[in-house]
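Q: Sequences listed follow chains A, B, C and D, in order.
Taking numbering that gives the first Met the number 0, the leading residue of the first sequence gets 0, the next gets one more, and so forth.
Taking numbering that gives the first Met the number 0, the leading residue of the second sequence gets 0, the next gets one more, and so forth.
Taking numbering that gives the first Met the number 0, the leading residue of the third sequence gets 0, the next gets one more, and so forth.
Taking numbering that gives the first Met the number 0, the leading residue of the fourth sequence gets 0, the next gets one more, and so forth.
Worth flagging that the hints you see were computed from the coordinates, not collected in a lab.
Keep in mind that the hints are not guaranteed to be accurate.
Where chains are identical, the list cannot tell them apart; a pair therefore holds if satisfied intra-copy or between any two copies.
Unchecked claim - Straight-line distance between alpha carbons at most 27 Å, and here's what the computed DSS-like set of lysine-lysine pairs gives:
id: 1; residue 1: Lys142; residue 2: Lys20
id: 2; residue 1: Lys159; residue 2: Lys102
id: 3; residue 1: Lys142; residue 2: Lys232
id: 4; residue 1: Lys67; residue 2: Lys159
id: 5; residue 1: Lys159; residue 2: Lys142
id: 6; residue 1: Lys12; residue 2: Lys102
id: 7; residue 1: Lys159; residue 2: Lys20
id: 8; residue 1: Lys230; residue 2: Lys9
id: 9; residue 1: Lys20; residue 2: Lys9
id: 10; residue 1: Lys67; residue 2: Lys230
id: 11; residue 1: Lys232; residue 2: Lys9
id: 12; residue 1: Lys159; residue 2: Lys230
id: 13; residue 1: Lys142; residue 2: Lys9
Number of protein chains: 4
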Amino acid sequence: MRVGLIGFGKTGKMVADTLLKEQSFSLEWVLRRTEQDVGTYAGLLLGSGQPVGQIYCAFAIDPSAFFKEHPVDVIIDFSAPQSVDIYAPAAEQGIRVVSAVSKYDQIHLERLRHFAQQTAVLYSPNITLGVNFVLQAAKNLRKLVPQADVEIVEEHYREKAEISGTALRLAEALALDPDRYINSLRVGSVVGRHEVVFGLNHETIRIVHESVDRAAFAEGALFAAQWLSDKPKGFYTMEEAIGLERADEEADALG
Amino acid sequence: MRVGLIGFGKTGKMVADTLLKEQSFSLEWVLRRTEQDVGTYAGLLLGSGQPVGQIYCAFAIDPSAFFKEHPVDVIIDFSAPQSVDIYAPAAEQGIRVVSAVSKYDQIHLERLRHFAQQTAVLYSPNITLGVNFVLQAAKNLRKLVPQADVEIVEEHYREKAEISGTALRLAEALALDPDRYINSLRVGSVVGRHEVVFGLNHETIRIVHESVDRAAFAEGALFAAQWLSDKPKGFYTMEEAIGLERADEEADALG
Amino acid sequence: MRVGLIGFGKTGKMVADTLLKEQSFSLEWVLRRTEQDVGTYAGLLLGSGQPVGQIYCAFAIDPSAFFKEHPVDVIIDFSAPQSVDIYAPAAEQGIRVVSAVSKYDQIHLERLRHFAQQTAVLYSPNITLGVNFVLQAAKNLRKLVPQADVEIVEEHYREKAEISGTALRLAEALALDPDRYINSLRVGSVVGRHEVVFGLNHETIRIVHESVDRAAFAEGALFAAQWLSDKPKGFYTMEEAIGLERADEEADALG
Amino acid sequence: MRVGLIGFGKTGKMVADTLLKEQSFSLEWVLRRTEQDVGTYAGLLLGSGQPVGQIYCAFAIDPSAFFKEHPVDVIIDFSAPQSVDIYAPAAEQGIRVVSAVSKYDQIHLERLRHFAQQTAVLYSPNITLGVNFVLQAAKNLRKLVPQADVEIVEEHYREKAEISGTALRLAEALALDPDRYINSLRVGSVVGRHEVVFGLNHETIRIVHESVDRAAFAEGALFAAQWLSDKPKGFYTMEEAIGLERADEEADALG
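Chain A extracted, bound-state conformation (with noise of 0.2 Å):
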């Protein structure tokens, strides 16, 4: 599977280190904003030894153009919300796109919904396996168990100032008021720990999370981009990816 990358900071670079590893995905190109490194190749900047993954900045591109000198099957975006208007064009010519933006406004979000007009969309603001696991196994069973107690504890490293954005995805999925069912510990340098704890009338489940790295990020994308290939248009969850639910009762049917 060909793909474009869009993005190339922290996150970025991990994913685009994944894909140089994986024999089923060629990374083609990358995309980012600023002329850092632009002209040279991902491949040889993270150690692979091979001039694939050429950057370009993203500005300095004629996107119509682009597109379609340098075809994809998926691009994987993992920048910022306007980074949408740059890849319409290839969007809206049938290539999938996997966006793991951490956050949408109002107006860049519609326009990523609107490509699932013309093709397969996944959006996920936390798209590792193991959160969209945990997510998903606590809905079931909440839906499973609607009268059992249930709490959500979060660990992160003391420098974190906010609530964590998963503990509060999970309080939203499982319709808890955040402030009153999220406990939120700040020690030393967890790198991220999410435990939802339900307590049934005589026995307890506990669902947990831990984090080790970031690289869990690039790990989900490929496998939402896996996933996508073979899907037909419309706008798609990681939670759907994961397959604990059938997607016809959740995708946003467009159209």
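Dock chains B, C and D against the given chain A, drawing on the hints supplied.
A: Only chains B, C and D this time, still in chain A's reference frame:
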């Protein structure tokens, strides 16, 4: 829903006690193997103050007459494999059956399955909601990330000699060699704790079940009876009842 | 060791039951505040089959005569603050005292402390071995790495309204603001779980205590009684008894 | 405190990096076994921007002159057993030594111990604060409740073949048969997790250590150096340094 209970040991009594407290169930009678307390009522013995749930000895009744004279909607069986012989006439006339017998021999399991040609039968050797959720969630995760490393940890009170049946069932469901992947801890007076650890490349997921007391079995049996009440004839498992798996995929198609 | 027990409520009975099973202790008598079961024996009531531990009503005895006629080595008190008035004559004559009264007012605590001029007195509001170990270990770790972040998580059954006393004591011992650093989870039927998380720069340490049942209090009281049996007069705490702290540093020097 | 560092591998570099950041330490020089980067400065290599911590090859120096010309208060050794031969002249002249060499043979360990006749020496094969605290707390608890059941669980990344050295040391300190009581899980990319479970009669205590990264070794070594700075000559362990054990009880009395 009118319930007939088979078995009045430690767990059977707990089931009776739970039935007496639930508005949507009525305990019609109890069949037990000994003569103890025969003629009195489970309601009086268990302190509800009401003469409901008269106790009979299974060997002193005439089955074909008994089940006509004391009609119920569902039979809940927490006794022993041989009991299927006693309530065969009832099951064959269409009374639903929930069996939580912990271990069947081949012959009696065949007989139980045979009932499914005439009525809806659900069988689970560990009928708690929690354990079945963990089983199902772990199977889902295994399917999602087959490359992940999986280990099972089970903790119980020191006197428990053998490996926990739940751990063995988890290993079987996850296609793990129990000798290699079940880690058994015997510590103090722990009622029961099972943990399934999934080691993904850059993240770890833990699904943990902790037992507080045996009443969890009663909760599970009532949930199963409720779920079974509108099902067509067939042989069902608790995993289907908890709805994380589609019945049509997994149900034993009989006949 | 001959023991006199004050208090015969839920926990008091458990202490009596534990005493009856231990070879190295003999339960001489029980003093309780009500008239219930007075004249019978704790041994018979609790099923040991032996007429030991006769039950007396605390308000019907003549204290100065009673303690001479029914000599013991130690008094274990699981009742209420006011009981110190009843056994004052005994304590002042040198009988050792273990008090596990959960909360004293100022006046009765002073009286208890006063006994320490004549005998060895140990007082602990939460007399389990486990909680006191956790308290002591957490204090040690706090001293060792004062720069570490510390958070307390306490989990209990949903009906428990207030913050756990043990969590508050942990916060006090660790000089943590309880409003900020105690995270309270109310879930299902959890008997009691306390976790202290220490976030160091590159590692995390967790000290966890899980209660299985209230008999842990009985175990702790017997341990305290045994430990106290060869101590000189003075006022001691459970933390000293568990020996992780040197008595001379911490003991209340009286007189 | 002036520090000389022996060893400049993965962990050695982390120690240097930590030393460069700490105001109360100055890195005087680094001795390594290879010729790599000799003549340059650890400070420059590690990005502190300052020419401190000049790098020397251990085999190219004249030890008796070197240690006089480049005086330090303490030598920290993260290299190999044989290094004791190199810094013998320094140690014998009273320079303190902190050794974190992971495994000594008999001969070189004897030599290290011999230094203790002239100076203060601290040796620990796993010099993190956290592991040593867990070790000490677990030993204390073992002494307090010798009747409790104890099990060790260690989790590491899948490639780690052998049982963890820390788990073995825990088993040794707790007098547990490692074959029976160490449960080893190999899952994904877990950096390192050790748990000691104590099953008491009615309660459970867990002491858990989780590694985030190897910089924990550097923290431990600096802590040890600081602690050692005012100690009389003798042979010390990290457990004494963390102060949960009285030095006089445990120190190897020499001479």
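Q: Tell me, please, which holds for Lys67 and Lys159 at an alpha-carbon limit of 27 Å: within, between, both or neither?
A: Result: close neither inside a copy nor across copies, 42 Å intra and 47 Å inter.
Q: Give the relationship of Lys230 and Lys9 under a CA distance limit of 27 Å: within one copy only, between copies only, both, or neither.
A: Classified as neither: same-chain Cα gap 29 Å, cross-chain 46 Å, threshold 27 Å.
Q: Reference check for the pair Lys142 and Lys232, CA-CA at most 27 Å: within, between, both, or neither?
A: between (29 Å within a copy, 25 Å between copies)
Q: Give the relationship of Lys12 and Lys102 under a CA distance limit of 27 Å: within one copy only, between copies only, both, or neither.
A: Cα proximity of Lys12 and Lys102: one copy only (19 Å, versus 38 Å across).
Q: For the identical chains here, do Lys142 and Lys9 meet the 27 Å Cα criterion within one copy, between copies, both, or neither?
A: The answer is neither: 37 Å in one copy and 30 Å across copies each exceed 27 Å.
Q: Under a CA distance limit of 27 Å, which applies to Lys142 and Lys20: within one copy, between copies, both, or neither?
A: This pair counts as between: shortest inter-copy Cα distance 23 Å, intra-copy 40 Å.
Q: I want to check one pair: Lys159 and Lys230. Are their C-alpha atoms no more than 27 Å apart within a copy, between two copies, both, or neither?
A: Neither, since 38 Å and 39 Å both go past 27 Å.
Q: Is it within, between, both or neither when you check Lys159 against Lys20 at 27 Å Cα-Cα?
A: Only across copies: Lys159 and Lys20 sit 22 Å apart there, 32 Å inside one copy, limit 27 Å.
Q: Pop the pair Lys159 and Lys102 into one bin, within, between, both or neither, using alpha-carbon distances up to 27 Å.
A: within (17 Å within a copy, 38 Å between copies)
Q: Could you place Lys20 and Lys9 in one of the four classes (within, between, both, neither) given a Cα distance threshold of 27 Å?
A: Both ways: Lys20 and Lys9 sit 17 Å apart in one copy and 24 Å across, limit 27 Å.
Q: From the Cα coordinates, with 27 Å as the cut-off, is the pair Lys232 and Lys9 best called within, between, both, or neither?
A: So Lys232 and Lys9 fail the 27 Å test inside a copy (30 Å) and across (49 Å) alike.
Q: With 27 Å as the alpha-carbon cut-off, assign the pair Lys67 and Lys230 to within, between, both or neither.
A: Answer is within; shortest intra-copy Cα gap is 22 Å, inter-copy 56 Å.
Hint compliance for this structure: hints 4, 8, 11, 12 and 13 are not met, and every other hint is.
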